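Protein chains in written order, with full-length UniProt numbering: chain A, 1 to 427; chain B, 1 to 312.
If you are wondering where the hints come from, they were derived from the structure by calculation, not from laboratory data. Computed from a prediction, not measured in an experiment: that's the story for all the values here. All C-beta atoms in this analysis are idealised placements derived from N, C-alpha and C, irrespective of residue type, glycine included. Wrong hints could be hidden among the right ones.
Just the calculated beta-carbon pair ranges, DEER-fashion [as the list claims (entries may be wrong)]:
no., chain 1, residue 1, chain 2, residue 2, range
1, A, K422, B, V292, 47 to 55 Å
2, B, G167, A, E126, 52 to 60 Å
3, B, L34, A, D91, 30 to 38 Å
4, B, L141, A, Q210, 53 to 61 Å
5, A, R240, B, I235, 37 to 45 Å
6, A, E258, B, T299, 24 to 32 Å
7, A, K62, B, P48, 53 to 61 Å
8, A, Q210, B, G167, 35 to 43 Å
9, A, G299, B, I289, 39 to 47 Å
10, B, T79, A, D369, 53 to 61 Å
11, B, M49, A, S72, 26 to 34 Å
12, A, R407, B, F297, 33 to 41 Å
Calculated cross-link-like contacts (lysine to aspartate or glutamate; reagent style EDC-like; alpha-carbon spacing at most 20 Å) [claimed, not checked]:
no., chain 1, residue 1, chain 2, residue 2
13, A, K190, A, E241
14, A, K422, B, D206
15, B, K67, A, E54
16, A, K422, B, E25
17, A, K321, A, D333
18, A, K36, A, E54
19, A, K422, B, D59
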Amino acid sequence: MPGHRTKGFCASAAALALCAVLAGCGGSGESAGGGKVVLRYTWWGNPDRAERTERAVALFEKQHPNVDVTTSFSGYDAYKQKLATQAAGGDAPDVMQLDYRQIDQYASGGVLLDLAEQKPVLRTGEIDPGLLATGRVDDVQYAIPQGRGTETVAYDVQAWKKSGVPLPGKSWTWSRWADTMRALAKKTGKPGATDPGQSEDAFEVWLRGQGKALYTKDGGLGFTAGDLTRWWTFTDTLRREGAVSPAEQTTQLDGSVENTPLGRGTAVTDANWDAPASGFIALVPTGVALAPMPSGEDGTPGQYFKPSMFLGVSADTGHPKEAAQLVDFVINDREAATILGASRGIPVNETIRAGIGPQLKDFDKTIADFQASLEGTLKDPPQAPPSGDNALQSTFQRDYDQVSYARMSPREAAENYVTEAKAELRS
Amino acid sequence: MTTTAIPPEARRAPAAAPKRRPRREREGAAWVFLSPWVLGAIVLTLLPMAVSLYLSFTDYDLFNPPKWVGVRNYAQMFTEDPRYWRSVVTTLTYVVIAVPLQLALALVVALALKGMKRGKGFYRSAFYAPSLLGASMSIALVWRAVFNDGGTVDNLLGTGGWVNKPGWALLAVALLTVWQFGAPMVIFLAGLQQIPAELYEAAAVDGAGKGRQFLSVTVPMLSPVLFFNLVLQTIQAFQVFTPAFAVSAGKGGPADSTLVYTMYLYDRGFVASHMGYASAMAWVLLLVIGVVTAVLFRTSRSWVFYASEGDR
Chain A
1 MPGHRTKGFC ASAAALALCA VLAGCGGSGE SAGGGKVVLR YTWWGNPDRA ERTERAVALF
61 EKQHPNVDVT TSFSGYDAYK QKLATQAAGG DAPDVMQLDY RQIDQYASGG VLLDLAEQKP
121 VLRTGEIDPG LLATGRVDDV QYAIPQGRGT ETVAYDVQAW KKSGVPLPGK SWTWSRWADT
181 MRALAKKTGK PGATDPGQSE DAFEVWLRGQ GKALYTKDGG LGFTAGDLTR WWTFTDTLRR
241 EGAVSPAEQT TQLDGSVENT PLGRGTAVTD ANWDAPASGF IALVPTGVAL APMPSGEDGT
301 PGQYFKPSMF LGVSADTGHP KEAAQLVDFV INDREAATIL GASRGIPVNE TIRAGIGPQL
361 KDFDKTIADF QASLEGTLKD PPQAPPSGDN ALQSTFQRDY DQVSYARMSP REAAENYVTE
421 AKAELRS
Chain B
1 MTTTAIPPEA RRAPAAAPKR RPRREREGAA WVFLSPWVLG AIVLTLLPMA VSLYLSFTDY
61 DLFNPPKWVG VRNYAQMFTE DPRYWRSVVT TLTYVVIAVP LQLALALVVA LALKGMKRGK
121 GFYRSAFYAP SLLGASMSIA LVWRAVFNDG GTVDNLLGTG GWVNKPGWAL LAVALLTVWQ
181 FGAPMVIFLA GLQQIPAELY EAAAVDGAGK GRQFLSVTVP MLSPVLFFNL VLQTIQAFQV
241 FTPAFAVSAG KGGPADSTLV YTMYLYDRGF VASHMGYASA MAWVLLLVIG VVTAVLFRTS
301 RSWVFYASEG DR
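For reference, chain A alone in the conformation it holds in the complex (with noise of 0.2 Å):
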């Protein structure tokens, strides 16, 4: 019967299609028709990073023919939770740019490869074992660096200049850029910065500037309550005087530079890494500039040289040397240098640093001015932040909501937090 037949073809029809579904769903590192190596390459960055980072992969591919990099890329906070996701899921992109903090809990859970096996395609003979070392854990090469940074005030050059607040110089100390930003305030009727005490990292630059550290040597909390208190008060303060932006702009912070006010014209400057900070070009068309962050009262530096961010290799990849391969390409690969410019910091290859610095266009020239300025002047960086930082990180975002929505006082907010932060650095 007709009727019949009918419902054998759907029968089949739905099982074909429920076949092809799940051949669709193969893991990482499957190779696609044509015999092509797959390659998922991931990053966190902002739209300048993202264009320089295709050409650089085109230009891979095609020294590669055999290989196809399919990238994608999102915000900071975005990107942390969707990557942990993946790698718990045993789905990790077969190449990863990963944090400083991140690199601790990834290695140790399982989810990088041991880079040392890929010797033969993955080069660091060129890199500052110093730099290097920041990827190892346990004496493993987990990963590798991929740049320098270090934070920075930028800020909107014409609004300061016309303001007639004398511009920054090489130094100021923390009570100097307060009454700079209650100056700026005043005469661009717009706050002078970003509020600072919604970021753990400002407030790392603080406590440097006074010889102290987030976490002691064994990873434990390295300050305390009493720290943390007269640090929301300085800012609490400066956000009442309308010197620093209102509660209302910080909240909207995400860890992109187009949600910052300086990044919606509604603040001077913005205190940020160096290499996101190529963003703010294209948010401020009449021109950003960057200015050391500010020290401690005796001129102690709280800011230092970082690894800016890392190339991860999943442990789980179907094709560790291709990734290695594409790894090796993004560090150590001279017109891939050219295209990837500073956006990623200061490169670590020491050739290619010497090669192509002369060469640096624009705001990557910035960048490396910037920091040959530093160059000399800092302390040395803290060892990699223990795995529960990962998550502090956004408790001192919260944390601080309470007190910049006049919800609890900084007092009671910093007990708050380091009650958490006891809590997440024990388990």
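Starting from the known structure of chain A, arrange chain B on it as the hints suggest.
Below, chain B alone, put in the same frame as chain A:
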């Protein structure tokens, strides 16, 4: 697979229908047809639930093997975690705001549509559409833009952005749910059409006005449907996630004001990598929803009227 086994069975079925087959055999066929769903329920629901129950007694960071910690997660939740209690209060507030508002709106629109002669289909679809779209992330993002600093609502009312004010953000989230009143509305509409017209005629003869008719005829006759909607929407409201996630850009902010229960659960699991703790939270939520539903059923005895009760 089963495609070869089933057709002969199916072909014989119509002819054999009049004669009663042995019970066993019929049950067997039922199980064959049910098997994909039974398998699905076991593999996709029961198994993960069992694993989650186990994980709730462990410390599990996604990367390293789970470590048994007994009831520590539960103890920590109830005694040492102020943020947990904040999320409980936020969720209860949300339920109390969103559910009554949504049901009221659904009922009002259903009443309006019931009496409508022309264009009923169009309006029904138009009001239902948000329920289909609303669950999607994109609508929630549009919502965020509308209620953001400098967004549409800010421009129209000059209130500043709602999503940036701790006192207002939860309301913006609730409104997104209220707006998706299509499903309860359709159920109300079906319920309204079940009410016999004679009751209204009889009431009118007795001199009851519109308002009186509504209270004495519509409400009691509709109470089973109202109860059904109330239970369903309450259960859903306790599990609200997407709107809160999108409106607060995944953070439950500002100042934890939209940190509903499931958002905090997500935060513990996927941001802080405490899957054991998140699992414990999930089980407590399941228990609470069970208790709340049981309480609703108990109170329903005093206000839900089933037409068949008249026969008893």
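We went through each hint and held it up to the structure:
1. Separated by about 35 Å at the C-beta atoms, K422/A and V292/B break the suggested range of 47 to 55 Å.
2. Distance hint check for G167/B and E126/A: the Cβ-Cβ separation is about 56 Å, which falls inside the suggested range of 52 to 60 Å.
3. Distance hint check: the CB atoms of L34/B and D91/A are about 32 Å apart, consistent with the given range 30 to 38 Å.
4. Between L141/B and Q210/A the beta carbon distance is about 42 Å. The supplied range of 53 to 61 Å is therefore violated.
5. R240/A and I235/B have their C-beta atoms about 44 Å apart, which keeps the hinted 37 to 45 Å range intact.
6. Here the CB-CB span from E258/A to T299/B is close to 50 Å, at odds with the stated 24 to 32 Å.
7. Under the hint 53 to 61 Å, the C-beta atoms of K62/A and P48/B, about 45 Å apart, miss the expected range.
8. Restraint check, Q210/A to G167/B: a C-beta distance of roughly 37 Å satisfies the suggested window 35 to 43 Å.
9. In this structure the supplied range 39 to 47 Å is violated for G299/A paired with I289/B, their Cβ-Cβ distance being about 59 Å.
10. Between T79/B and D369/A the Cβ separation comes to about 54 Å, which falls inside the hinted range of 53 to 61 Å.
11. The hinted window of 26 to 34 Å between M49/B and S72/A holds, with their beta carbons roughly 32 Å apart.
12. The hinted range of 33 to 41 Å is satisfied by R407/A and F297/B, whose Cβ atoms lie roughly 38 Å apart.
13. As the CA atoms of K190/A and E241/A are separated by approximately 11 Å, the hinted pair is consistent with the 20 Å bound.
14. With a C-alpha separation of about 73 Å, the suggested pair K422/A and D206/B falls outside the 20 Å cut-off, and the hint is violated.
15. With a CA separation close to 42 Å, the supplied pair K67/B and E54/A exceeds the 20 Å bound.
16. Distance restraint check for K422/A and E25/B: the Cα-Cα separation of roughly 63 Å exceeds the 20 Å cut-off, and the hinted pair is therefore not satisfied.
17. With a CA separation close to 17 Å, the supplied pair K321/A and D333/A stays within the 20 Å bound.
18. Under the criterion of a C-alpha separation no larger than 20 Å, the hint pairing K36/A with E54/A is consistent with the structure, at around 19 Å.
19. About 16 Å separates the Cα atoms of K422/A and D59/B, which keeps this hinted pair within 20 Å; it holds.
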